[in-house]
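Peer 1: Chain by chain, the residues:
2 protein chains.
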Amino acid sequence: MEMDLNAQEKKAGFFQRLQDFPSKLKDDVTKRVKNVQKFAKDDPRRIIHSMKVGVALTLVSLLYYVRPLYISFGVTGMWAILTVVVVFEFTVGGTLSKGLNRGFATLIAGALGVGAVHLARFFGHQGEPIVLGILVFSLGAAATFSRFFPRIKQRYDYGALIFILTFSFVAISGYRTDEILIMAYQRLSTILIGGTICILVSIFICPVWAGEDLHKMIANNINKLAKYLEGFEGEYFQPEKISKETSSCVREYKSILTSKSTEDSLANLARWEPGHGRFRLRHPWKKYLKIAGLVRQCAVHLEILNGYVLSNDKAPQEFESKIQEPITTMSREVGEALKAIAKSIKTMSNDSACVNAHIDNSKKAIKNLKIALKSSYPETYKDLLEIIPGVTMASILIEVVNCVEKIYEAVEEFSGLAHFKETLDSKLSAEIGQHQLLHRGCVKPVLDGDNEKEDNSSCHVLITVHDEGYLPTATAKNVLGAEKTRVDIV
Amino acid sequence: MEMDLNAQEKKAGFFQRLQDFPSKLKDDVTKRVKNVQKFAKDDPRRIIHSMKVGVALTLVSLLYYVRPLYISFGVTGMWAILTVVVVFEFTVGGTLSKGLNRGFATLIAGALGVGAVHLARFFGHQGEPIVLGILVFSLGAAATFSRFFPRIKQRYDYGALIFILTFSFVAISGYRTDEILIMAYQRLSTILIGGTICILVSIFICPVWAGEDLHKMIANNINKLAKYLEGFEGEYFQPEKISKETSSCVREYKSILTSKSTEDSLANLARWEPGHGRFRLRHPWKKYLKIAGLVRQCAVHLEILNGYVLSNDKAPQEFESKIQEPITTMSREVGEALKAIAKSIKTMSNDSACVNAHIDNSKKAIKNLKIALKSSYPETYKDLLEIIPGVTMASILIEVVNCVEKIYEAVEEFSGLAHFKETLDSKLSAEIGQHQLLHRGCVKPVLDGDNEKEDNSSCHVLITVHDEGYLPTATAKNVLGAEKTRVDIV
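Note that the protein sequences, when read in sequence, are chains A and B. Each residue of the first sequence is one higher than the last, beginning at 1 in full-length UniProt numbering. Each residue of the second sequence is one higher than the last, beginning at 1 in full-length UniProt numbering.
Any given hint could be a false lead.
The list makes no distinction among identical chains, and a pair is therefore deemed to hold if it is satisfied within one copy or across any two copies.
With a straight-line Cα cutoff of 30 Å, these simulated DSS-like cross-link-like pairs (lysine-lysine) come out [stated by the list, open to error]:
#1 Lys38 x Lys290
#2 Lys286 x Lys34
#3 Lys153 x Lys38
#4 Lys41 x Lys260
#5 Lys10 x Lys24
#6 Lys346 x Lys421
#7 Lys153 x Lys34
#8 Lys346 x Lys34
#9 Lys153 x Lys24
#10 Lys254 x Lys290
#11 Lys260 x Lys286
#12 Lys286 x Lys38
#13 Lys216 x Lys374
#14 Lys153 x Lys31
#15 Lys260 x Lys227
#16 Lys26 x Lys153
#17 Lys314 x Lys363
#18 Lys41 x Lys153
#19 Lys314 x Lys24
#20 Lys31 x Lys286
#21 Lys314 x Lys290
#22 Lys254 x Lys287
#23 Lys421 x Lys286
#24 Lys254 x Lys153
#25 Lys314 x Lys364
#26 Lys10 x Lys31
Treat the hints as calculated values from the structure; they're not laboratory data.
The whole structure should be built from the sequences, with the hints applied where relevant.
Peer 2: Encoded structure:
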């Protein structure tokens with residue numbers, strides 16, 4: 001009886017599921033479609049790239065559809081199709097690197113293959129396949145081995161592959177055909193057609209430059225560090241006030257820890273690209289990797305810092321409140337400095353005055369922090385163990401400031417090589433540098449046409465407070481206009 | 001006159017260089033040859049792989065050389081050559097993934113292509129190329145777009161590429177030939193032959209398993225952490241005694257910071273591999289990535305620690321000497337624990353007793369360190385600032401111990417899933433666990449057949465010192481034999 005009921009229940013359940021199936025399917029499909037739409041929206045270049053591949057394929061298929069072309073190329077037109085599919089990459093650098101590798105490797109291997117076939121013919125009909133076999137084996141093995149060398153792997157991996165392919169192909173089929181020269185010529189010319197179509201479509205229809213991607217990526221990574229440091233005070237001192245969403249946004253720096261391979265491959269592809277936009281032909285792409293390494297070093301420090309943010313084992317409230325002010329200033333100022341560095345990379349203009357001001361401020365905060373530490377101890381706390389987490393956190397944050405200084409130095413060096421524009425700000429910085437600064441900050445004019453949200457740190461008005469015989473005076477310099485106004489705030 | 005002399009000098013210099021050229025060339029060539037030899041020696045599998053590619057190429061060229069085979073396949077034999085060159089990868093997983101992707105993609109795209117050609121013929125001679133063009137454009141673009149999705153990119157990227165290739169190829173050439181079915185069949189069968197040759201050669205001649213590489217890589221990475229920690233005391237407290245060579249060997253852990261992409265791709269390839277050696281078909285490859293993540297987290301801590309090792313800004317001598325002993329014990333014991341963990345992964349056997357013993361010891365050292373810190377301050381030093389570097393270093397080292405514990409937990413979980421052998425040691429550990437341990441260490445028998453240098457940490461005799469009413473007694477357990485001897489050392 002019970003089993004009967006059970007079976008009935010199961011049957012009912014099955015029918016229920018069958019009834020639900022269409023609506024479930026519909027939900028599932030709409031969910032997937034939405035996912036795809038979101039994915040395409042995240043980077044619309046993906047859609048454009050897919051279209052571009054379609055265009056290149058359509059162009060190359062004309063070799064078959066247009067009668068005069070078909071008569072001259074015949075079925076070898078398929079090599080052109082193959083070339084388009086294999087060579088067309090997302091970035092211009094990728095397409096150029098693959099196209100040029102494919103072209104030159106085919107040329108060299110084709111010539112060698114024809115030579116090999118002629119050589120083998122000296123050994124008679126019996127010896128020919130043996131000699132060809134030995135040549136294919138040894139050149140194939142040697143070229144495969146060469147692909148393990150990092151230098152070759154990095155730049156000519158695809159070329160080595162195509163070398164093996166073409167050489168084997170010409171040498172082996174040379175045994176069965178006498179029209180080997182015609183074959184080699186047809187293969188080469190169709191590959192040239194395919195490669196040229198790819199390169200032209202890639203460069204002239206909405207090009208995606210690996211170099212530009214690398215440039216933006218480095219600037220964005222520096223911004224990610226800045227975001228974390230700006231949110232640091234809240235995260236550390238008022239964790240209860242932080243929503244989960246902000247918290248995850250703030251921890252974007254984590255992606256930097258594992259971004260090395262992407263950066264390396266972008267820099268590698270960028271070297272194949274011709275000059276474009278703001279980047280000249282011999283743009284110092286390798287220097288980006290140096291900056292990226294320092295940025296990663298900084299991210300490593302943030303990772304440790306983050307451990308102390310998330311930990312429940314914090315120093316006593318009294319101690320924390322003593323160090324809160326200098327820590328807050330330090331993290332905010334160093335975050336601002338990073339933002340200014342990122343902006344200077346993005347706009348390719350030197351803005352050393354602003355960065356220097358923020359770094360100076362954070363250094364001053366370090367001094368204040370040290371004073372706070374010294375004064376709070378051992379008078380206030382007898383137990384060193386209790387304050388260890390706070391001390392360690394502060395110590396790592398000081399290291400972060402050092403890291404940021406190193407990043408700035410690398411960017412300064414790079415800016416010279418990459419011909420950054422000099423902004424008016426930095427021209428003024430020399431003048432400003434003559435006085436010893438007490439405070440310096442950047443103020444953004446309210447009526448600014450700049451719409452970018454991230455550009456809060458753009459310096460148009462510099463306010464500097466100088467130490468002049470204990471009487472601080474403030475100078476507001478409208479850098480955009482040449483007008484200078486002296487404002488005494490005492 | 002002067003110019004004449006100058007020209008003469010230049011001429012003489014030129015002849016000198018010309019004379020030197022052969023010897024210079026010889027030097028250069030011998031240097032390069034030596035480099036290549038060293039490179040091949042570093043990983044002889046590279047040579048073997050190159051040979052294997054040669055063998056596969058020779059086998060596939062039989063399609064041309066052997067008359068009956070040539071008669072049945074004709075020039076389509078070239079697809080087999082192409083397949084061998086493109087599909088043959090260094091690891092079995094790589095070859096299988098590419099071979100299966102190529103096979104299935106060709107099958108599906110070929111069928112769709114034939115369908116497309118038949119569909120297009122309904123539209124008459126004028127409409128046919130237009131319909132075919134639209135189909136090639138849209139399917140090509142869609143498949144290209146699908147390659148951006150991380151899931152597809154990871155496992156089926158090559159399949160999508162071959163799909164576009166085959167579909168375009170069949171659809172476009174279908175316009176000019178009526179023998180499209182024969183063409184599709186020939187292409188498929190030659191690809192199958194090429195793919196099968198690759199897979200067989202890859203699996204049966206000295207196979208390189210991605211899974212095994214991943215397994216070894218994780219164990220080696222853990223060993224790199226151990227090496228740094230074991231050398232840490234010398235590096236930090238007696239930097240003048242350390243030679244440059246040891247120093248660079250000790251910093252091998254740095255490679256872990258950027259090894260994520262290699263690990264990911266190995267884990268991805270390993271999933272294509274059949275069961276082999278100690279690894280079953282459904283070996284938990286993904287779990288390696290979890291362990292690898294924790295190992296990297298530990299390496300991040302070492303990177304910060306390393307900053308304090310290299311820094312000149314150290315705490316005063318007196319303070320350092322107070323913390324030297326617990327720091328030394330901590331780093332040594334946690335290094336030993338890591339070595340034991342690495343060994344347990346390498347041998348795929350559980351050795352929890354040994355690891356636990358070392359972790360316990362390092363935790364005890366943490367307690368001693370805390371006592372040392374508490375006692376030294378504020379009695380001995382009034383200035384907190386001076387000892388900050390030492391305190392931070394110690395604090396990070398404590399975090400390293402936590403990291404190692406997490407690694408151990410992950411390895412423990414993994415060992416269950418991966419069916420690690422239980423060693424006798426760990427069976428005893430339950431028994432040992434009943435008493436509170438004071439000290440526990442591992443002693444290696446002198447007459448041991450084990451030749452591996454890294455295996456110092458293998459536990460055969462466990463010496464445990466128990467706390468029994470303030471009278472410490474030692475138990476030496478010969479774990480290999482079942483015999484138990486009780487030795488009181490008081």
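Peer 1: Next, verify each hint and record whether it holds.
Peer 2: These are the hints, each one checked on the structure:
1. In the homo-oligomer, the alpha carbons of Lys38 and Lys290 lie at most 30 Å apart only across protomers (29 Å), although the nearest pairing inside one protomer, at 34 Å, exceeds that limit.
2. Taking the closest pair of Cα atoms, Lys286 and Lys34 come within 30 Å of each other only across two copies (29 Å); inside a single copy the shortest separation is 39 Å, beyond that limit.
3. Taking the shortest Cα distances, Lys153 and Lys38 sit within 30 Å of each other only across copies (17 Å), while inside one copy they are farther apart (35 Å).
4. For the homomeric pair Lys41 and Lys260, the shortest alpha-carbon distances inside one copy (26 Å) and between copies (28 Å) are both at most 30 Å.
5. For the identical chains of this complex, Lys10 and Lys24 are intra-copy neighbours only, at 19 Å inside a copy versus 86 Å across copies, given an alpha-carbon limit of 30 Å.
6. For the identical chains of this complex, Lys346 and Lys421 are intra-copy neighbours only, at 12 Å inside a copy versus 56 Å across copies, given an alpha-carbon limit of 30 Å.
7. When the C-alpha separation of Lys153 and Lys34 is checked against a cutoff of 30 Å, the pair qualifies only between copies, where the shortest distance is 20 Å, while the shortest distance within a copy is 39 Å.
8. Taking the shortest alpha-carbon separations for Lys346 and Lys34, neither the intra-copy value of 32 Å nor the inter-copy value of 45 Å comes in at or below 30 Å.
9. For the identical chains of this complex, Lys153 and Lys24 are inter-copy neighbours only, at 27 Å across copies versus 48 Å inside a copy, given an alpha-carbon limit of 30 Å.
10. When the C-alpha separation of Lys254 and Lys290 is checked against a cutoff of 30 Å, the pair qualifies both within a copy, at 19 Å, and between copies, at 16 Å.
11. In this assembly of identical chains, Lys260 and Lys286 lie within 30 Å of each other by CA distance both inside one copy and across copies; the values are 13 Å within and 22 Å between.
12. For the homomeric pair Lys286 and Lys38, the shortest alpha-carbon distance between copies (28 Å) is at most 30 Å, but the shortest distance inside one copy (34 Å) is not.
13. In this assembly of identical chains, Lys216 and Lys374 lie within 30 Å of each other by CA distance neither inside one copy nor across copies; the values are 42 Å within and 49 Å between.
14. For a Cα distance limit of 30 Å, the shortest separation of Lys153 from Lys31 across copies, 21 Å, qualifies, whereas the shortest one inside one copy, 41 Å, does not.
15. Taking the shortest alpha-carbon separations for Lys260 and Lys227, both the intra-copy value of 20 Å and the inter-copy value of 24 Å come in at or below 30 Å.
16. Proximity of Lys26 and Lys153 under a CA criterion of 30 Å is satisfied inter-copy only: 26 Å between copies versus 47 Å inside one chain copy.
17. With identical chains, the CA atoms of Lys314 and Lys363 are at most 30 Å apart both within one copy (24 Å) and between copies (20 Å).
18. In the homo-oligomer, the alpha carbons of Lys41 and Lys153 lie at most 30 Å apart only across protomers (18 Å), although the nearest pairing inside one protomer, at 34 Å, exceeds that limit.
19. For a Cα distance limit of 30 Å, the shortest separation of Lys314 from Lys24 qualifies neither inside one copy, at 49 Å, nor across copies, at 65 Å.
20. For a Cα distance limit of 30 Å, the shortest separation of Lys31 from Lys286 across copies, 27 Å, qualifies, whereas the shortest one inside one copy, 43 Å, does not.
21. Taking the closest pair of Cα atoms, Lys314 and Lys290 come within 30 Å of each other only across two copies (28 Å); inside a single copy the shortest separation is 35 Å, beyond that limit.
22. When the C-alpha separation of Lys254 and Lys287 is checked against a cutoff of 30 Å, the pair qualifies both within a copy, at 22 Å, and between copies, at 21 Å.
23. For the identical chains of this complex, Lys421 and Lys286 are intra-copy neighbours only, at 20 Å inside a copy versus 48 Å across copies, given an alpha-carbon limit of 30 Å.
24. When the C-alpha separation of Lys254 and Lys153 is checked against a cutoff of 30 Å, the pair qualifies both within a copy, at 29 Å, and between copies, at 22 Å.
25. Proximity of Lys314 and Lys364 under a CA criterion of 30 Å is satisfied in both settings, with 25 Å inside one chain copy and 22 Å between copies.
26. When the C-alpha separation of Lys10 and Lys31 is checked against a cutoff of 30 Å, the pair qualifies only within one copy, where the shortest distance is 29 Å, while the shortest distance between copies is 77 Å.
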